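Colleague: Letter by letter, the chains look like this.
Protein chains: 2
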Amino acid sequence: MITYEIKSGWIPGDEENELISEAIGKVIEERESAKAGYFNLPDDSKMIVTEVNAYAASSEPIAKSDTIVVIGVGGTSLGTHAIGGMLRHKYPNAKRMIFFENSDPIGLSEKFSMVQKEKTIFLVVSKSGTTIETMAMFKAAIDYFELDLKNDDRERVIAITDDGSPLCRFADHFGLKTYTIPKNVKGRFSTLSAAGIVPLTLAGYDTNSLLHGASKMIRRFFEGNEEHIALKAAFMAMHARSYPMNLLFGYGDVFVSFNRWYKQLWAESLGKIDRCGNRTGLTPMGQIGTVDQHSSLQLIMHGPADKTITFMKVEDFENDMEIPNVPLEMLPASNIVSGFTFGDLLNMECDAVCEMIFKEDIPADTITFDRLSEENAGEIIVYFQLLTSLVGNMLHIDTYAQPIDEPMERQITKKLEQGKEIK
Amino acid sequence: MITYEIKSGWIPGDEENELISEAIGKVIEERESAKAGYFNLPDDSKMIVTEVNAYAASSEPIAKSDTIVVIGVGGTSLGTHAIGGMLRHKYPNAKRMIFFENSDPIGLSEKFSMVQKEKTIFLVVSKSGTTIETMAMFKAAIDYFELDLKNDDRERVIAITDDGSPLCRFADHFGLKTYTIPKNVKGRFSTLSAAGIVPLTLAGYDTNSLLHGASKMIRRFFEGNEEHIALKAAFMAMHARSYPMNLLFGYGDVFVSFNRWYKQLWAESLGKIDRCGNRTGLTPMGQIGTVDQHSSLQLIMHGPADKTITFMKVEDFENDMEIPNVPLEMLPASNIVSGFTFGDLLNMECDAVCEMIFKEDIPADTITFDRLSEENAGEIIVYFQLLTSLVGNMLHIDTYAQPIDEPMERQITKKLEQGKEIK
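So the sequences go chain by chain: B and Z.
Counting along the first sequence from 1, when you hit position 299 you're at 299 in the numbering used here, and nothing is skipped either side.
In the numbering used here, each residue carries its 1-based index in the second sequence increased by 423.
It is worth saying that the hints were derived from the structure and are not from the lab.
Keep in mind that the hints are not guaranteed to be accurate.
Partial pick of chain B residues on the chain Z-facing surface, computed with a CB cut under 7 Å [what the hints assert, rightly or not]:
(1) A94
(2) R96
(3) I106
(4) D143
(5) A267
(6) M321
(7) V326
(8) V337
(9) A352
Predicted model, so just to flag it, every value in this text is computed and none were measured.
Note that beta-carbon positions come from the ideal geometry of N, C-alpha and C, so glycine has one too.
Whole structure, please, built from the sequences with the hints as guidance.
Modeller: This is how it looks when you write it as structure tokens:
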């Protein structure tokens, strides 16, 4: 269970209520017209889980593997990483997931050296099937691990891509196992598609529960039972000028990767030119408590009042760790923490920071996980996606487009061609 | 060598030039009056390096260790982490550095399980000597690793703290080795003090070169030869309302920890109430290329024009990795990357993104490392510290204060006391 609380004390008037119902109506329309496809993933992807489990049961390379390498950049890998970050500690026996996710020679060569081909399944994930960095890393992996796609290693490589994409055709050519991402699901909305579900299932995570949690949230939202999401969206959209930033403040290292996914979802979806031709959007920030709380709180309380704050915390860390009652000579003040767990301390610090912020009337909300469960992980993914859709509709932008992609790919290609000439 | 380029095309007028010389004058004053002590660290800390090396040569536990555990939160550990991130790959034989830096039961228990006491040196780092989380983690480490401070493990634990602090007295009581941080150096400015220099030296990094690089930058700045820093500071300070955010866009995984340090430095130093009683400051953001470039660029180009962008890149990754010439059937477009290295690709993508941003007149600057060297790492630390001091003076705030600390500690203590009563 996740509890959502909005602390802004803001009460929408007639105009705002109209905006809210209009935006919800548009989300319903996006679902019905299939403009966006992520709403159906929690139900549709259950088939993928069954299929992957059946395939894994029959595949010797998978049975022998202890590592899943995900080759993919941005949307196609950040979501998987985010879920792994929240749940990994619950799966001491799960296969390791290693992400080849950046065209960085230092990071890559370190990761390459951690992988033993005989115990690894490689997933190449690219929606378009042509992503430059993904293809470069795939080439390097084929070369470095001497992947023989025609024979021995055919079962070791799986493609995840759009139906009919060049990567899809490549996989067909070699007879590689392929899973497809629905065409109307963009990278940053694809976590619960094959892009995330295949690696997580193969690694051994309970993806059925993950999807179940997401599915219940989707159902509740469309039944009109999660009104707080639209309320929060409305506050953010209507105050986009006075509060152009949202700071997601996750208490616990488990949220490090989630922050990255959230920042990508938010930035790419909401940074858009609106229907009147104005540049609009909200800027996402991610911080981790308690590490960042001193500096963040200083900026939030004494810096410009330009941020809304979203706290994310976990009530019960389950395998929590006692702070032992070790009295430290000359440090009697430190005894105050004795008898608590590290989870208690983390949460009490979060509560202390929240109270200071609420007292200053800084618009804030809290998202409290009862625990780190698969269902909660699924729910929080769709919660942020629904929030994004709603804010997008309220800002009158096309949430699912990514118009910068094409000019950017062109510019990169130009650079590469110029580079070729110089060489 | 690091090259700094400002792309804003902004030319300061008389008023701005006056602000610039005034701010530089104030920094000179801060150094002379010892209001801030970080200016002297590059020279003063050379003694620490000598001392640590001599001590390490005579200590059996250090000789036998392969791991340095740094117990500390925020300023006292983020800088060490940042330098480790930029240089670690150059030191395949260096001791591992593991950071106990968050009161998080999941992260901590994972880190605890990675450590073998017999091969580890524990550094407890706390400026005040009373930081709640640091003391809690220290207690847990004493308990978990059965550290016998009176006998066997005395040489295994080193304290780094303010002279005379409770932790300092604790260390004296047990006869632990202690290094002190100058009183006029705040956590976020302490990277080149004992806080960073002791762990990095013990781990085996060439900290003399690190300090040398920093020292040269400090000297050049005070000789008036790094005028671009004040120019960038002036643009940022004078446009703080129109561009309230600075996005540090590091190309390469080596900058992940640097971003975290930068965000802390910037937020805690610049989020302040100015001399007229107004809340002021600039908000730092950190992103990593190429991972975040699609989403960031979308937000930068089509979202509100409210950010300045700082690109940070490395010209030559030295041990760069070839993208092998592996033709992929059905994927002829992917051949464009053949013949390049991953470093080339990373940098050409960075250049492509830069060009798009410059063309839109978005205020931006680039910081280009010729390579990842100790000298460059030292230089970039003081570069950002000097920039922070200058912006602080231009915003008429007290850059080195952290007024939120005390009310926050009070609030946390209150929470802990309430928690005790409930238990």
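Colleague: All hints, please: hold or fail.
Modeller: Status of each hint after checking the structure:
1. Interface hint at A94 of chain B: violated, since its Cβ lies 14 Å from the closest Cβ of chain Z, which is beyond the 7 Å cut-off.
2. Proximity of R96 of chain B to chain Z is violated relative to the hint, the smallest CB-CB distance being about 13 Å (cut-off 7 Å).
3. The criterion of a C-beta within 7 Å of any C-beta in chain Z is met by I106 of chain B, whose closest approach is roughly 5 Å, and the hint holds.
4. Interface hint at D143 of chain B: satisfied, since its Cβ lies 4 Å from the closest Cβ of chain Z, which is below the 7 Å cut-off.
5. Because the smallest distance between the Cβ of A267 of chain B and any Cβ of chain Z comes to about 4 Å, under 7 Å, the interface hint for this residue holds.
6. At its closest, the beta carbon of M321 of chain B sits 4 Å from a beta carbon of chain Z; the interface hint therefore holds under the 7 Å criterion.
7. Evaluation of the V326 of chain B hint against chain Z yields a held restraint, the C-beta minimum of about 4 Å falling below 7 Å.
8. For V337 of chain B, the interface hint holds, the least distance from its beta-carbon to any beta-carbon of chain Z being 5 Å, beneath 7 Å.
9. Interface restraint check: A352 of chain B against chain Z, minimum CB-CB distance 4 Å, threshold 7 Å, status holds.
In this structure, the earlier hints numbered 1, 2 are contradicted, and the remaining ones agree with it.
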